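Trainee: The chain contents come next:
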Amino acid sequence: MTEIIIAGLGQTDVGEHWDISLRDLAFLAIESAIKDAGGLKPQALYVGNMLAPNLSRQAHLGALLADFAGLTGIEAVTVEAAGASGGAALRQGYLAVKSGLVDVALVVGVEKMTDQVGAGVEEALATAADSDYESVQGLTPTAQAALLMQRYMHEYNVPADGFAGFALTAHANGAGNPHAMFRKAIKPETYAKAEPLTPPLNMFDAAPNADGAAALVLTRRELLPSDWPHPLVKILASATASDTLALHDRKDPLFFEAAHLATGRAIKQAGITLDQVDFFEYHDAYSIYAALALESSGFAIRGHGWKMAADGRISLTGNLPCATMGGLKARGFAGGATGVYQAVEAATQLRGQAEACQVTRTRVGMIQSLGGPASTAVVHILEKLD
Amino acid sequence: MEIPRHWRLKKQRYALMGEVCPHCDAKIFPPRDVCPECHHEAKELFQFSGKGEIYSYTTIYEAPSGFDSNAPYTVALIKLNEGPMLTAQLTDVEAAQVQIGMPVEMVTRKMRDDGDERGMIVYGYKFRKRVGVT
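Taken in sequence, the protein lines are chains A and B. Taken in order, the first sequence gives residues 1052 to 1437; the numbers are from the numbering used here. Taken in order, the second sequence gives residues 82 to 215; the numbers are from the numbering used here.
Quick caveat, the hints were computed from the structure, so don't treat them as lab data. None of the values given here were measured: they were computed from a predicted structure. Certain hints may be false.
Claimed, not checked - Using 27 Å as the maximum straight-line C-alpha spacing, the simulated BS3-like pairs for lysine-lysine come out as follows:
#1 91/B - 210/B
#2 1319/A - 160/B
#3 160/B - 1302/A
#4 210/B - 191/B
#5 124/B - 108/B
#6 108/B - 132/B
#7 1092/A - 210/B
#8 1302/A - 1358/A
#9 92/B - 160/B
#10 124/B - 1302/A
#11 91/B - 1302/A
#12 1238/A - 91/B
#13 92/B - 132/B
#14 1149/A - 124/B
#15 160/B - 191/B
#16 132/B - 91/B
#17 132/B - 210/B
#18 91/B - 160/B
#19 1285/A - 1092/A
#20 1149/A - 1092/A
#21 210/B - 124/B
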């Protein structure tokens, strides 16, 4: 069977990079991924990006980044699925290499959020929702999350600080990740005292918008040189699913059907059971999304996802470590780069190179990338080979 | 701002015109031509009563361009009496009074401006606490 190996990893720090342009940011990640891959030559480039046409007035990133990376001539396109763009780009890279039509694929996720501020960024982010029926009402992605959180707290009687565990876990883990935007643990009191941002959601329930780029080099196992220096990390499964774009079109808004479907497909493809997943990189753009991801993926029963965080079950030493390098909350939310960051981090864990963030069980890691309120969900399962 | 984009939605924005499925009688809003219940073609027009109740709500302080002059404002998911849910701003009500389950009704209000471009204003539906209901 064809085995797809993540051969190269690259990432920039996540943060406010006013001195680095979109193309430079992407190139930094590409350069380090290709170096990490021992100089394997990519034949195709898949770019995950969400907002460049809006925020940087720059579309056509495939050609731009291939050109700027000295790879002119190769196949190069952008893949867009809002916050899941990075995960969707990884899947395209996986399909290309798995099919045999491409030997070495480069996947780069890049986002440049900080060239604009405030209302302009909110307007760009709102393009991921239904423009005619949601965004026209002044709805934003943060407000979508707040609507779900309000209803969830109402239905399941969640206390006011019930979601604190997600932010506490993320920030505790981010402290050990040198690339994270926030590298400082927070106290429960800090969460409890935070002002509501979009009630009931407070600033610790939302991941910070940031700039960043991450890159992966994928190839088939037999194409690796015999003196390959890294532990082998394989893509065991790749799956994706969609749901209604607008939140109001869902029969059951508190269940992420796309996350449920994509996880189910990936688990089946991998031939494993959910309890064989050693750690889970979820898409905690908002703490409520982390709770719903845990429930919709089958790790928690409905209404109980928040308790996994409150009880410490998702910490590095818990039974299902999540957001092991800080997640979106502490690493930072670099839009369409996110899914690629998740893959870089999960592969780093499986290689055993996560240092202060290292989890103990490192056989199988699952990553889940969401676009909007899981209107798109992309799931990859990675496995360390002996 | 794109005038045709808003103009072609006038039946929905001003009159909550949706669809009814001729096969299973499901009421559909926003209109989509394929029934979300039975997946058959559903193009028959249906006018909603504009009455419903709040499924969830929040208040937006950091608004997108075009909406920032109106911030803060409250948005809600509203379950219409006929079945479907929609997203709308609430109006004529203090955020502190809003509750899940509160009965609401549709009114027509200014939705957004286009900043300083051409002075066009978009009108459409918002919802207020239902009059005569305590």
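Trainee: Hints first: check each against the structure and report whether it holds.
Mentor: Results for each hint:
1. Of the supplied pair hints, the one linking residue 91/B and residue 210/B holds, its CA atoms being roughly 23 Å apart against a limit of 27 Å.
2. Taking the CA atoms of residue 1319/A and residue 160/B, the gap is about 36 Å. The hint is violated against a cut of 27 Å.
3. Among the hinted pairs, residue 160/B with residue 1302/A is consistent with the structure: their alpha-carbon atoms are about 11 Å apart, no more than 27 Å.
4. Annotation: proposed proximity of residue 210/B to residue 191/B holds, straight-line Cα distance about 17 Å (limit 27 Å).
5. As the CA atoms of residue 124/B and residue 108/B are separated by approximately 11 Å, the hinted pair is consistent with the 27 Å bound.
6. Restraint check: the Cα-Cα separation between residue 108/B and residue 132/B comes to about 14 Å, which is no more than 27 Å; the hinted pair holds.
7. Between residue 1092/A and residue 210/B, the direct Cα distance comes to roughly 63 Å. Violation of the 27 Å bound is thereby established for this hinted pair.
8. Restraint check for residue 1302/A and residue 1358/A: satisfied, since their Cα atoms lie roughly 25 Å apart, inside the 27 Å limit.
9. Distance check on the hinted pair: residue 92/B and residue 160/B sit about 19 Å apart at the alpha-carbon level, within 27 Å; holds.
10. A threshold of 27 Å between alpha carbons decides the hint, and for residue 124/B with residue 1302/A the separation of about 21 Å falls inside it, so the pair holds.
11. A C-alpha spacing of about 26 Å is found between residue 91/B and residue 1302/A, which places the hinted pair at or below 27 Å, so the restraint holds.
12. At most 27 Å may separate the alpha-carbon atoms for a hinted pair to count; residue 1238/A and residue 91/B exceed this at roughly 50 Å.
13. Straight-line distance between C-alpha atoms of residue 92/B and residue 132/B comes to about 17 Å, which keeps the hinted pair within the 27 Å bound.
14. Using a Cα cut-off of 27 Å, the hinted pair residue 1149/A and residue 124/B is violated, with the two alpha carbons roughly 42 Å apart.
15. Taking the CA atoms of residue 160/B and residue 191/B, the gap is near 22 Å; set against the 27 Å cutoff, the hint holds.
16. Of the pairs offered as hints, the one joining residue 132/B and residue 91/B holds, with about 19 Å between alpha carbons and a cut-off of 27 Å not exceeded.
17. Annotation: proposed proximity of residue 132/B to residue 210/B holds, straight-line Cα distance about 10 Å (limit 27 Å).
18. Straight-line distance between C-alpha atoms of residue 91/B and residue 160/B comes to about 21 Å, which keeps the hinted pair within the 27 Å bound.
19. Taking the CA atoms of residue 1285/A and residue 1092/A, the gap is near 19 Å; set against the 27 Å cutoff, the hint holds.
20. Distance restraint check for residue 1149/A and residue 1092/A: the Cα-Cα separation of roughly 17 Å lies within the 27 Å cut-off, and the hinted pair is therefore satisfied.
21. Distance check on the hinted pair: residue 210/B and residue 124/B sit about 31 Å apart at the alpha-carbon level, beyond 27 Å; violated.
In the structure shown, a violation is registered for the earlier hints numbered 2, 7, 12, 14, 21, in ascending order.
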